[in-house]
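In mature numbering (1 follows the signal peptide of the UniProt record, and there is no 0), the protein residues as written are -27 to -1, 1 to 342.
It is possible that some hints are incorrect.
[What the hints assert, rightly or not] Computed cross-link-like contacts, DSS-like style, restricted to lysine-lysine with a CA-CA straight-line distance of at most 27 Å: (1) Lys110 / Lys232; (2) Lys338 / Lys1; (3) Lys259 / Lys166; (4) Lys126 / Lys341; (5) Lys291 / Lys194; (6) Lys291 / Lys1; (7) Lys120 / Lys194; (8) Lys120 / Lys110; (9) Lys194 / Lys126; (10) Lys341 / Lys259; (11) Lys1 / Lys166; (12) Lys194 / Lys341; (13) Lys126 / Lys110; (14) Lys1 / Lys317; (15) Lys317 / Lys232; (16) Lys194 / Lys294.
[As the list claims (entries may be wrong)] Restraint ranges, calculated between C-beta atoms of paired labels, are given here: (17) Lys294 / Gly254: 47 to 57 Å; (18) Ile127 / Ser190: 15 to 25 Å; (19) Leu329 / Arg134: 39 to 49 Å; (20) Glu242 / Asn24: 34 to 44 Å; (21) Asn138 / Asn298: 47 to 57 Å; (22) Arg174 / Gln89: 47 to 57 Å.
Derived from the structure by calculation, the hints contain no laboratory data.
Bear in mind that the values here come from a model prediction, so they are computed numbers and not experimental data.
Here a beta-carbon is modelled for each residue, glycine too, at the ideal position from N, C-alpha and C.
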Amino acid sequence: MAYKLLKSLEVVAISVLFVILQNWANAKPQVPCYFIFGDSLSDNGNNNNLNTLAKVNYSPYGIDFPKGPTGRSCRDFVPNFHGESHVWFIERGASVDAEYLGFTRSMPPFAESKGQNILNGVNYASGAAGIRDETGKDLGDRIPLDKQIQNHKIIILRLSRLMRNNTETRLLLNRCIYSIQIGSNDYINNYFKPEFYDTSRRFTQMQYATLLVHQLSNQLKTLYNNGARKFAVYGLSLIGCAPFAISEYGTNGSFCVDKLNNAAALFNERLMPLIHQLNNGLPYAKFTYLSPSPNSTTFVTNDTCCTIGGGGGELCLKNSKPCSNRGRFIFWDGFHPTEAWNEKVAQRAYSSESSLEANPFNIHKLAKL
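Model the full assembly from the supplied sequences, consistent with the hints where possible.
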């Protein structure tokens, strides 16, 4: 009975979402542009030409995308309600689903940005990137958050040339949404890799979380000083529940790797107060904190959709055959979620009224401010 009720609620939720999307189909975007900063949870191709293990421009990534792999760490498309291919521009929950905001295309990766395709925004995210510059260096080249912000300054100059008016460019930047989801690699590809990094010997977990949030604060302020006013900042997910983490560290009888989740919690506990400090301290700034881990009992939680072993061990093996029921899995590979899970994250970030999930407001409200 409980299962039938749950399925009925799913049908209702899908029906409501379908109506919402139909209403948005012909609407103009709720904000003029959308800028994305982050790691592989948001990277849509910036790492493709870098010398790194942290790139996914090969099959089975992009299996449901007509043009094949793009560099995104999932399958690119999910079915729409007509059974056809429907573009969900999610770039993971670090970035709210751009379609919810009324955009009709994904934001171009910085590596491919040119001409007028930057007017609606750019994706700067890079696989293996972190808040700290050295994070992920054992995997090869990557674009740390500081460098992503430098790339954004390049885009600002290009926008100014396109618009031929610095004042109008500044006003445009004030109205855009800036999505930031980063920090996982600062743990899984830094602090908890003592064979490559010394951070765990130099800092306690509490000190390290404080250090990361302080550095992120300075980076957010740099974006603010360059015209950003509307910020969607994601906390860390339960990184200890990723299949690769469980395989790599073991759980010692727990369901997940507790030391990873506890470390992520310390980061989040410091990030949320920072959001309120920035709102109070920076004139006209609108920051909101978003939780990236929705609850669900209808997904496979302890397995991957593809056979992993690529990259640093957490990515799909090249040309491996993924599961056929992709919409039922949380994890596509050893660390990255499926589009079905991404959809849940984006839907909640856009519309949740819970202060535990979106604080002080959701993306829909942020867009209106």
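Measure nothing beyond the straight line between the CA atoms of Lys126 and Lys110; if it is 27 Å or shorter, mark the hint as holding. Cα-Cα ~24 Å, so holds.
Given the hinted pair Lys120 and Lys110, is their Cα-Cα distance within 27 Å? 14 Å, holds
Proposed proximity, Lys232 with Lys110 (alpha carbon, max 27 Å): 22 Å, holds
Does the hinted range 47 to 57 Å hold for Asn138 and Asn298 at CB? 52 Å, holds
Would you mind confirming whether the straight-line C-alpha gap from Lys1 to Lys317 stays at or under 27 Å? Satisfied, since the Cα-Cα distance of roughly 23 Å is no more than 27 Å.
Are Lys126 and Lys341 close enough, with their CA atoms no more than 27 Å apart? Given pair Lys126, Lys341 holds - Cα atoms ~25 Å apart, limit 27 Å.
Check the hint pairing Lys341 with Lys259 against an upper bound of 27 Å on the C-alpha distance. 11 Å, holds
Does Lys120 pair with Lys194 here, judged by a C-alpha cut-off of 27 Å? 15 Å, holds
Pair hint outcome, Lys291 versus Lys194 [Cα-Cα no greater than 27 Å]: The hint is violated at about 40 Å.
Range first: 39 to 49 Å. Now tell me if the beta carbons of Leu329 and Arg134 are that far apart. With Cβ atoms ~43 Å apart, the hint holds.
Is it true that Ile127 and Ser190 lie within 15 to 25 Å of each other by Cβ? 23 Å, holds
Sort out whether Lys126 lies within 27 Å of Lys194, counting only the CA atoms. 14 Å, holds
In the structure shown, a violation is registered for the earlier hints numbered 3, 5, 6, 11, 16, in ascending order.
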